[in-house]
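Protein chains in written order, with this note's numbering: chain F, 1 to 109; chain C, 110 to 224.
These aren't lab readings, by the way, just hints derived from the structure by calculation.
Just so it is clear, the structure is predicted and the values come from calculations on it, not from any experiment.
Among the hints, erroneous ones may be present.
In silico DSS-like links for lysine-lysine, alpha-carbon gap of 30 Å or less [unchecked claim]:
id : chain 1 : residue 1 : chain 2 : residue 2
1  : F       : K70       : C       : K166
2  : C       : K192      : F       : K96
3  : C       : K180      : F       : K26
Take a look at the letters that make up each chain.
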Amino acid sequence: SQQGEEDPQALSIQEGENATMNCSYKTSINNLQWYRQNSGRGLVHLILIRSNEREKHSGRLRVTLDTSKKSSSLLITASRAADTASYFCATAGTYKYIFGTGTRLKVLA
Amino acid sequence: DGGITQSPKYLFRKEGQNVTLSCEQNLNHDAMYWYRQDPGQGLRLIYYSQIVNDFQKGDIAEGYSVSREKKESFPLTVTSAQKNPTAFYLCASSRLADTRTDTQYFGPGTRLTVL
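Okay, chain F solo, but in the shape it has when bound (with noise of 0.2 Å):
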C-alpha cells in the first residue's frame, strides 16, 4: 500500500520561481525521504529528514517535518529547467521503504 502521499500530482511553474511539493503519511516513521526521477530512469536521492528533525536544506532544496500532521514538504528555489522531473517521498518501515505517487514537475525556460 502506498504510504506516502503528494500533493500536488503535477505542477508547472516558470524558471525561476519556487516550487512546493507536500507529502502525506499515515504511520509513524523513522525518517521521511525525497527523492527524483527523471523520465525514464531510476531515482536519485535528494534528502532525508529524521523524525525528531524539522527542517533541513541541502543546496537549493529544503525539506521540513511536522509529524504531528504526518507531513513533510519539498521546496525547491530559483527553480531550473533541469528541475522537471517527478519527485517522491519514501517512508522508512520495518526494513523497508513505501513510496507516494509522486509529483510531476515542470519547470518552463
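With chain F's structure known, arrange chain C on it following the hints.
Using the frame of chain F, we list chain C on its own:
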C-alpha cells in the same frame, strides 16, 4: 544511478514466457530491493533481500521470483503467472537493511513489455 546496473534496458516478452531481469551492484551493500512502477504511479515493492541467501516478499510478490546467491547480484524472474507484467522495473540497494538511517541507491531500470 550510482554503482547499480540493470540489464537489459528494454525487454520484450511473449505471453507465457518467463524472463529474468538482471541487477548488479558494486557498492558492497547488504540490502537489495526490486520495485515495479506503472505509468504515472509510485513504486511498489516486489521483493527485498537483507543479506545473501535470504529474501522476503514485498507487497506484490505474486508472479515473481528472486534469488540472492551473491552479495552483488539480485536477479528478478517475471513468471508467466504474473498477469500484467508490462511495467518499469527498478532495482535498488542500501548499505544496511536498517531503514532508520539508510538511503537507497537505484539502478537505471528495465522497461518490460509483453507482446
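Consistency of the hints with the structure:
1. F:K70 - C:K166: holds (27 Å)
2. C:K192 - F:K96: holds (25 Å)
3. C:K180 - F:K26: Cα-Cα ~33 Å, so violated.
The structure fails hint 3 only (numbered hints given earlier).
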